[in-house]
Amino acid sequence: MNRRLRTVSQVAFILLLMGCNPSPAPDTFLTGYQILVGSAVTVGPQGDSTASAVCPSGKVPVGGGYRTGDEAANIFDTAPLEVLNPGSNAGWQVRMKNANFIGPSITMTPVAVCVDRPRGYVVSVGSKNLSRAQRETLSQGCPDATVRLSGGGVATGDSQVHVGGNAVQAGGSQWDGFFRSDYTIVPANSLVRTVAICAAIPALPDVEVVQSPTASVGLISHSSLSVDCPTGKKALSGGVMAPESVGVIFDSAPKSDGSGWTASVRNPETFVTNVTLHATLRAVCGTTK
1 MNRRLRTVSQ VAFILLLMGC NPSPAPDTFL TGYQILVGSA VTVGPQGDST ASAVCPSGKV
61 PVGGGYRTGD EAANIFDTAP LEVLNPGSNA GWQVRMKNAN FIGPSITMTP VAVCVDRPRG
121 YVVSVGSKNL SRAQRETLSQ GCPDATVRLS GGGVATGDSQ VHVGGNAVQA GGSQWDGFFR
181 SDYTIVPANS LVRTVAICAA IPALPDVEVV QSPTASVGLI SHSSLSVDCP TGKKALSGGV
241 MAPESVGVIF DSAPKSDGSG WTASVRNPET FVTNVTLHAT LRAVCGTTK
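For the sequence shown, our numbering gives the first residue as 1, with consecutive numbering after it.
Quick caveat, the hints were computed from the structure, so don't treat them as lab data. Heads up, a few of these hints could be off.
Stated by the list, open to error - Keeping only pairs whose Cα atoms sit at most 30 Å apart, straight-line, the calculated DSS-like set for lysine-lysine is:
#1 Lys97 x Lys255
#2 Lys128 x Lys97
#3 Lys255 x Lys289
Computed from a predicted model, the values in this text were never measured in an experiment.
Build out the structure end to end from the sequences listed, making use of the hints.
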């Protein structure tokens, strides 16, 4: 028996020298990184529609977004499919209203960032009722025994309840959603949700939050934002925060090669309110294997 144990130990030592560790630490990094682009939808003036990007079998979303290229795109849901459409396949769903009364249609393309499902993967959802005309930031963290894996999302289910912020906190511990109800009479309350994506893993030492310079966006104007991940890392999620008002975030998606995140935001304020928007793009970047 002792001779057999010595033989097993010798084989393990040889494998380790060859770079073949027989017992690697599980779930300490993300594998199977893939950016999935869903089918685009085209929405006419005052119309709304939903589009999804579905992850391949065995993979789950760690982030997601959309591209519209149009300032009149009102995105009021952008979150994992399991939140917005329970029982569906893993992926990312986006819902948009075309705020134009007349004029062009808008084409919206959903995007999902997918990885192999890590141990203890869970989508944590926080909710709050907004009263009429209320503005509110709703933060969501992860359950005990899990860590924030990467990204998050927001959902209102109602184009009259605007999303003016959807991003990881600067410290990286929680995901923030910033909302405004445009109702003045009815209904009395509107439900909003913020989502954090979590996993029960030992650590993710190579995950970090990077931030763009703050852009000052003047009245009835827009700005494009971009941030790059450090060399060797990929964008897992991203989003924009603009605390003074409710900006219209009409683009938010990873770069096509995963090297960073891009977004576009419009300041809808006029000379009546005279509010300059200060928008910041944050991305969660990580090493994938």
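Hint-by-hint comparison with the structure:
At roughly 24 Å between alpha-carbon atoms, Lys97 and Lys255 fall within 30 Å of each other, so this suggested pair holds. Restraint check for Lys128 and Lys97: the C-alpha separation of about 22 Å stays at or below 30 Å, so the hint holds. Of the supplied pair hints, the one linking Lys255 and Lys289 holds, its CA atoms being roughly 19 Å apart against a limit of 30 Å.
This entry satisfies every hint, going by the numbered hints stated previously.
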